[in-house]
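Keeping their order, the protein sequence lines are chains A and B. Position one of the first sequence corresponds to residue 1 (my numbering), numbered consecutively onward. Position one of the second sequence corresponds to residue 1 (my numbering), numbered consecutively onward.
Wrong hints could be hidden among the right ones.
Pairs of lysine-lysine, PhoX-like flavour, derived with a Cα cap of 20 Å [to be verified]:
(1) Lys132/B to Lys163/B
(2) Lys99/B to Lys186/B
(3) Lys80/A to Lys140/B
(4) Lys49/B to Lys61/B
(5) Lys129/B to Lys140/B
(6) Lys141/B to Lys80/A
(7) Lys80/A to Lys142/B
(8) Lys14/A to Lys41/B
(9) Lys122/A to Lys14/A
(10) Lys49/B to Lys129/B
Calculated from the structure, these hints are not laboratory results.
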Amino acid sequence: MDALIIEATDETPKVVLDPGNNIFEFSGKSLPEDVTTFYGPVLDWLDAYSESPNSKTVVKFNLVYFNTASSKLILDILFKLEEFYDEGHDISVEWHYQEEDEDMEEAGEEYADLVEMPLELKSYE
Amino acid sequence: MKENSFANSEFMDFVYSVHENMVKNDIMLIYEGEVNQDITKTFTTLTQKNLEESEANLPIKKRVYHVMVECLQNIGKHSDNAESGLPEIPGTGIFMVSKSTEGYYVITGNPVANSRIDEIAEMIETVNKMDKDEIKAYYKKKILESRISEKGGAGLGFIDIVKKTGNKIDFHFQKINDIASFFVMKTYIN
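Excised from the complex, chain B in its bound form (with noise of 0.2 Å):
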């Protein structure tokens, strides 16, 4: 009985520290689990009523939906699974919104196959090195050859994120497995 009320006190001191945590750092929304097109739609609703309450203008608002939404699917369309590096339908990850003074993080993790760690790096670093006319200009070639792919993306989600958001993605990847790694990108909308 005893350990059972220290396990459960400190349980309880982890659920506060949770949210204080939270608080300080001004996350609005965190969730580890599965991602689905129903996941999806529900956090942007949610995140869209709160986004209205706020003082962002309409672009803002509107970058941080359409960074959610492609954040969410891409967890959804492409995370692995950390034991077998096989795709996993629906993915699972982790996805967090956050405030600044300034403006809005989005930030997401998810186990992806080694095998495609230089493909993904390769993706965002293009993009990265780009500025605004070079992206715009890239954007129309590459939605010009897209595809739609078999799991629904169009292959335009890291594109499209830095020319809205103007901003650099920052990711990294850290080793799980020889199987897999954690891909944990961060995007600041401001």
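Here chain A stands alone, though its shape is the one from the complex (with noise of 0.2 Å):
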């Protein structure tokens, strides 16, 4: 399957989804205008990866800001991958912040309530 790579702007985040490379990430800033349009891609694609995913896929949410409604499109996109775990593939998530960011933990900790799925908080300095 073809890789989907964004590549970061001042209000969208880098996004690999890359299966060859086994590399899955959301990095950088969210605040688009019009988050439809940017994530409706990403959502299309985690829909058509789901037939044949790989293996292991660990998804990586890397981000140092996000929007309310981006807010909303980073559930939907982690609701598509709790799909993925509930029929039985081994996907899990990372969420990364920076250590003094407690808000950025705080929105991991929630996420991590919302949905049912293995995903981990990892801080970095």
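Got two chains here, each in a separate frame; can you build the complex from them with the hints?
Right, dumping it as structure tokens:
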């Protein structure tokens, strides 16, 4: 399956969904005016990936900032990943945040409460 | 000619008084006009740079940035025309960031149709009444129920501002005419 790679901009994160190299990562900021247009292709890609996923998938979120509209779309992505998990696939999420950034840590904890799949919080300095 | 030069000197005085007042009140940024995504990006980038040089800790800096984005996107998406009361896209309004000894204020003002006042006031009053745990629970409930609107919002802005800052939102509606009022909201981040 083809990778989906979107370079970061001032208002959208870098997206790497690359089964060939087994890298799945969202990083940077997310505050697009139109979240549906930006995240639509990501959700579609994940639907297609669920047809024949890798034997193990680790999805990393390494975001420094996202607005409330993006927070809803991140939840939509996590719910989609939860579906793969429910189907029996080996899939997990890593939520990376800067140690000092208590709000980003809290956001990770809230997502961990909202979705029922392995979601690990990892801090960095 | 004389009138002109008088008007000119009055204007120069006005510029000086704006400058003086901004310095006196520690206003970092003030803007009146159209708020679109480019304006949002420009101001948030500028403020981010100013904040990086300040001594505030990381969560405060990020909260100021966060509140700014939510407030600017609110004006851009929800400001109504003062004469017609109809939605203006992109919206216009006033936007201010100021510094106090302990923290930062983000202040916005924009016209809204009088018919929307009750709904906006209720949304803010609901979250203003909640304590930390209540607001966390409410946020989780609302993010699950939320659908992205035609305007691209998730309806979580006020909740998130109160949740992140831990402070109540001050707000006021100043009647413009029978159709619209000027909605002012002030958030404190410390």
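Hint check results:
no. : hint                 : result
1   : Lys132/B to Lys163/B : holds, 7 Å
2   : Lys99/B to Lys186/B  : holds, 13 Å
3   : Lys80/A to Lys140/B  : holds, 18 Å
4   : Lys49/B to Lys61/B   : holds, 10 Å
5   : Lys129/B to Lys140/B : holds, 17 Å
6   : Lys141/B to Lys80/A  : holds, 19 Å
7   : Lys80/A to Lys142/B  : holds, 19 Å
8   : Lys14/A to Lys41/B   : holds, 17 Å
9   : Lys122/A to Lys14/A  : holds, 19 Å
10  : Lys49/B to Lys129/B  : violated, 34 Å
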